[in-house]
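Chains A and B, in that order, give the protein sequences. Take 5 as the starting number for the first sequence in my numbering and just add one per residue. Take 5 as the starting number for the second sequence in my numbering and just add one per residue.
Rather than coming from a laboratory, the hints here were simulated on the basis of the structure. Treat the numbers as computed from the prediction; the structure is a model and nothing was measured. Watch out, some of these pointers could steer you wrong.
One side only, chain B facing chain A, incomplete, derived with CB under 10 Å [said to hold, decoys possible]: (1) G22; (2) G74; (3) V203.
The C-beta atom is built at its ideal place from N, Cα and C for all residues, glycine as well.
2 protein chains.
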Amino acid sequence: MVAVFVEMSMSLDGYIAGPDDSQESPLGDGGERLHEWVFDLAAWREMQGLDGGKTNRDNEIVSESIERIGAHVMGRRMFDNGDGPWGDDPFEGYWGENPPFHGPVFVLTHHPREPLEMDGGTTFHFVTDGIETALERAEAAAGDRDVRISGGADVVRQYVEAGLVDEIQLQLVPVLFGDGIRLFEHLIGEPIELERTRVVESSDVTHLRFRVIH
Amino acid sequence: MVAVFVEMSMSLDGYIAGPDDSQESPLGDGGERLHEWVFDLAAWREMQGLDGGKTNRDNEIVSESIERIGAHVMGRRMFDNGDGPWGDDPFEGYWGENPPFHGPVFVLTHHPREPLEMDGGTTFHFVTDGIETALERAEAAAGDRDVRISGGADVVRQYVEAGLVDEIQLQLVPVLFGDGIRLFEHLIGEPIELERTRVVESSDVTHLRFRVIH
Chain A
5 MVAVFVEMSM SLDGYIAGPD DSQESPLGDG GERLHEWVFD LAAWREMQGL
55 DGGKTNRDNE IVSESIERIG AHVMGRRMFD NGDGPWGDDP FEGYWGENPP
105 FHGPVFVLTH HPREPLEMDG GTTFHFVTDG IETALERAEA AAGDRDVRIS
155 GGADVVRQYV EAGLVDEIQL QLVPVLFGDG IRLFEHLIGE PIELERTRVV
205 ESSDVTHLRF RVIH
Chain B
5 MVAVFVEMSM SLDGYIAGPD DSQESPLGDG GERLHEWVFD LAAWREMQGL
55 DGGKTNRDNE IVSESIERIG AHVMGRRMFD NGDGPWGDDP FEGYWGENPP
105 FHGPVFVLTH HPREPLEMDG GTTFHFVTDG IETALERAEA AAGDRDVRIS
155 GGADVVRQYV EAGLVDEIQL QLVPVLFGDG IRLFEHLIGE PIELERTRVV
205 ESSDVTHLRF RVIH
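Could you build the full structure based on these sequences and the hints that come with them?
Here is the structure:
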């Protein structure tokens, strides 16, 4: 069975991006701080088409996550930070011609658009009929691998509230970030119980994994 | 040198109490969930004047924290949830005649009040001239032990923003709580870097300890 998981780098005070994110600054002001632990890792570099990099415990965890992903689901805002129709020269996402997904990506949007096939195996599919449909399509595309709900925070929240997420893995970054976009803004509904299934202490972050108790 | 520390039970989404807290319901709606890991522990029961209880790893950590405390600092809201003057029959705090502090407690308030000596060694001192003064008095009273900034969240935030906290210990409770009072609402100023100094996985919570890098 396909598992549906969330994986995010989060500050101790719950932020996954800085304030004032925009198409020019998708991580928001200072948001790189939350991801700097990953930039030098071999597995992350390989996804970007780069050689070399560290092969420490963080790298093993990133590799493990990359290998389990059969399909991504993301919000329109993560794709292009936009909220209007696509326009005459629609943006092709933040990641250039060879995005780091190397597989199917289902983008939630209100505006229909033809699938966008990129280099390196990434195809963006634009889904206009809601989060359940996007997840069903992602599950079908994932084969025997898992679906990552890749972001942004509002999309993660919708999937968590709908009870559609099986696992949450966080890289807890040792910083009080102060402002920006929170992974978990107020959730609607009853509290959601979790079971902690793994803790890994690496030098830069704490990897916490939880199973969602449905 | 006296260390100044914060210790709180916090949900994975950052809450330390439920919504709609009041003098009748100081933990807010459902807030007991965030503290249930502690209620059966021998060290916590002993503080309340009760016998028995569990003596597991959680209990060791709670004991260790209790033993290091020489004085507490807390906000008026934590003391009585009130914000007006004291009135003719002022509330003596949530904890009854024998509060679980067993030492000096410095309560931040705008309204002067005589010290309130309770059973079991707890004396509440009411401090009207600001957080620095309250901390200085607590440090002086703590002797060779440490000062705990005991809450609520707004008081913790003020001390953290002022750079007066040395250590933050959190019991991360595996629940997405959804709504209530956050430990770290937006902090003013630059991000605050931390160093993770300890992780202990117990069956009900994850104990995370951080040093604040000044």
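A quick look at each hint next to the structure:
Taking 10 Å as the C-beta contact cut-off toward chain A, the hint placing G22(B) at the interface holds, the least distance being around 9 Å. Hint status for G74(B): violated, given a least beta-carbon distance of 25 Å to chain A, over 10 Å. A hinted interface residue such as V203(B) counts as satisfied when its beta carbon comes closer than 10 Å to some beta carbon of chain A; here the least separation is about 5 Å, so the hint holds.
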